[in-house]
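Q: Okay, here's what each chain looks like letter by letter:
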Amino acid sequence: MMAEFLGKDTGYCHGRGGSMHIADVTANNLGANGIVGGGLQLAVGVGLAVQMKKTDQIVLTIFGDGAANEGIFHESLNMAAIWDLPILYLCENNKYGMSADVTRVSAKTPFKDRAAAYGIPGYYIDGNDVLAVYEFIRNAAENARSGKGPVFVEAQTYRYFGHSKSDRNLYRTKEEIDHWKTIEDPIIRFEKLLRTANLIDDQSINSIKEEMSKEIDESVTFAENSPEPDVKDVTEWVYA
Amino acid sequence: MPEITYREAIHDAMVEEMRRDENVFLIGEDIGTYGGAFGVSAGMLAEFGPERVRETPISELAIVGAAAGAAMVGMKPIAELMFMDFVLLALEPLMNQAAKARYMFGGKATVPMVVRLPGGSGTGAAAQHSQSLESMLMNIPGIKVVAPSTAYDAKGLLLSAIRDPNPVCFVEHKLLYKVKGEVPEDEYTIPLGVADIKHPGEDITVVTSGIMVQKSLAVARKLSQEGISVEVLDLRTLRPMDEQAIIKSVKKTGRLLVVHEAVQTGGWAGEVMAVVSSSEAFDYLDAPMRRLAGKDVPIPYNRFLEAAAVPQEADIEAEIRAIVSNKY
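First to last, the sequence lines map onto chains A and B. The C-terminal residue of the first sequence carries number 240 in this note's numbering, and the numbering is unbroken. The C-terminal residue of the second sequence carries number 328 in this note's numbering, and the numbering is unbroken.
Read the hints as simulated data drawn from the structure, not as lab findings. It is possible that some hints are incorrect.
Stated by the list, open to error - Taking beta-carbon pairs under 8 Å as the criterion, some of the chain A residues facing chain B (in silico):
{"hint": "1", "residue": "Met2"}
{"hint": "2", "residue": "Ser19"}
{"hint": "3", "residue": "Ala23"}
{"hint": "4", "residue": "Ala27"}
Unchecked claim - Distance windows between CB atoms, simulated:
{"hint": "5", "chain 1": "A", "residue 1": "Asp233", "chain 2": "B", "residue 2": "Gln225", "range": "35 to 45 Å"}
{"hint": "6", "chain 1": "A", "residue 1": "Pro227", "chain 2": "B", "residue 2": "Pro141", "range": "19 to 29 Å"}
{"hint": "7", "chain 1": "A", "residue 1": "Ala100", "chain 2": "B", "residue 2": "Gln312", "range": "25 to 35 Å"}
The beta carbon of each residue, even a glycine, is placed where N, CA and C say it ideally should be.
This is chain B alone, in the form it adopts within the complex (with noise of 0.2 Å):
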């Protein structure tokens, strides 16, 4: 199998689908000739033209809301905005219009639209480019929010949401366009609201997504040396949540930590604990249930700082180490 970054599974996921559906278009700022901020649109232009690749002003409102009212006659908008952070700038029309528009008209309106957010900290970026604010765009009944880990994920995961008659918000992270993984040549999709093993373990499950995985899945490759198996189960879509799988899982180890980078307060690691602990796999555990999460803080400039601001590998580890030995 091809190895691809998680860049181009992006890329290529649109490029395909854009070939299949003529409904499908981008639309964004800088997404033509510069290939988008972060270069996942490059080359684009060239094969689709300026029409369904739709290059705007500096009107994040506009766009996503443009973006609704697109998707409610018919087509299937993708709209690139350049950083996470500016998604507060168009909250308005993701929110209140296209989250509610198919409840509040009685089931008579469809709203297929996707909304590309590439978020995260670890550039150095600072406080207004670097968040992570998947846990509100979760609070909002009518979005589906989809964080994926790996190229493969990444590719199968956009391809379902643009086929997805709902809006869906798509959290890219910034430091896994790098990333390679195998990624298939024939088309396949994954469906949203299935998490995935991404390694098996016995002692601890870890219920984490995004870049977290990725932290994850190093000190259970790590820990597994010495004995202690975790278990990481990424999300892979956050709302609809894999409530399911959660309990499965925690049933088989009897503990769980939860890691994400957004902010811990109202984070949804809460919502993870919660479906545990109202759940049967209750009675399965062993040890309380803990989180790991960005800490209170907005995401500072100074590397050492920003590294301290959301859990590194060294958190997860010395966390874990905690839970399994009852030293917490």
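Next comes chain A alone, as it looks inside the complex (with noise of 0.2 Å):
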């Protein structure tokens, strides 16, 4: 995954996707999509072959706040509905399309409210709640495998950094962002809960996040020493 954010040869995608197109097919995993939304129309596809191949999987397709905005949201939830097809609709909600507050952008939120538009349970969630986000998810799993149909949550979070290199946060307070930062941030509320059940102690703690790092870096180290791909082999792939 480093690798092919460096656009490196050894990437998932051999340096032809880059972070926002990046995926790993043969697990499963169709992608990031560079367009907003882009995934809610594929998950449909997807839902149909799972439906008509009557394997035992579902769909999962995880979107923010600002896809809840564009007509393809609701051309696909409409779609799941009447089709019952097996979707999890997971909506992050961070707060902020780019630098357009959801609040502003959005004539009514919740957006797991306009999953009962389309007769598709709707649940809204605590996004930093480690343990919260884990039973709900689980359980939307269980309904969308059911048979029953498509289940929507919806997952209060935050984005910490700008949307991308050129932004500087003009649209919010760094009061707000370090509140997220400190108080809310998911993994120390969760380190702080392990510590209350007495589950975890400091030296533990330390050496998750040595090995993260050394993870981190190892990756870092392995993208930077990978080749680039070929230029000769720029117009390969664009047809089977």
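Got two chains here, each in a separate frame; can you build the complex from them with the hints?
A: The structure is reproduced here in structure tokens:
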């Protein structure tokens, strides 16, 4: 994944996709999508395929608050509902679509209420509560697998960093960002919970952090040392 | 050989392939009980059921998007859009998703889908139900564009399109649906990307496709009685374009007219001319290359205006006469 971020030939997509279009199709990961809401339409088709092939799979499609205001959001939910497709819609509401505050650009929130318009059960959860997310998504996945049709979960969360490199965070305060980064941070909160329950101590926390840092450092080293794709292959893979 | 219509040929190709391959399914608006806006899928719901003849809401974006998603996980969807004009509502899944998935994902995805697009003018349906948008579709790498002109070609090309591992836009001209032609009962396919000489000739090459093949053929037959020998080259597949067939024909005749219904500006006639002007065929030209295309206007409602907006037989005839007599 890191190699793909750096556009290297060893990346998942041989440097053709990059961070916005990274996929691992062989592992049933049909990719991040550079088009806001782009996955919502593909999910319908994958749901149809699962239904026709009668496998035990479900489709998980993850999108943001911004995508919920795209037209495809409505077409997708409607189709999934009329055909009882096994789709788990997971809306990550991180409060901003680039600079657009959710409440400023959405006539009514939470978005899970929109699921009701299509007869789809919808839930709004604290997306920074690790255990709540785990429980809810597991239950929702079971529901989607039960043949009763799609499920919609909206997880409230937050984006710490700018939308992209050009983002100077002019549309929100530093205090707000700091609040989410500290008080609301899912890792800090989960750490606290584990400490309170005496399930973890400083030593193991530090060793987990070191382990993670090491893994990331290694992936960066791997990516940096990987070869660039061969320029003479630029037109390969346009057609199968 | 039995004679069937272009509509029946398309219908038969879908039915036969759905019988052979359970991964093939049809998705679109009013394709079930109604049988499709142009009757192409009549009877298919009864044979295959609602799962494989998947009637949708009026949601073109999601129809093509769902086809792309299903194709990426091993199905072979055929999406029918009621009118080619409505593909404009579905360009996002077609051009941003289906066309690019394989490339973006480093060759690890295949998107075997067909989008059937009834296009063209001549039905009095005016600007939003009459367009020929094939030139626009040709501008996206990753998509193939097919536009058959006869029942025989329609069936053979559609079978190839369904079996092709890439997204294929299959352009059906509405005025051709009722046109009959000989189609063998035995299974056959026509490879994508191979043009066909529909009328051999010596004096001028007319490169064309779809409905304009039929019009050009009528002109070719008429002019042959006067000793003007017209070669009608039907591209059949617009992308990938059979460049060698164009070059070969122009080298033989030394003259070129490209005829298409799609509007002139940015139209694929320019692409054909570029093939000739940048190949050895250029040295064989005895006259400037010319094109006859749809006028740069939306298709009007009034039938006289509508006919004036796209090339007619008289226009093709006049243009050929002008080129062969060096009076352009």
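Q: Could you work out which of the previously given hints the structure breaks and list their numbers from low to high?
A: 1, 2, 4, 5 and 7
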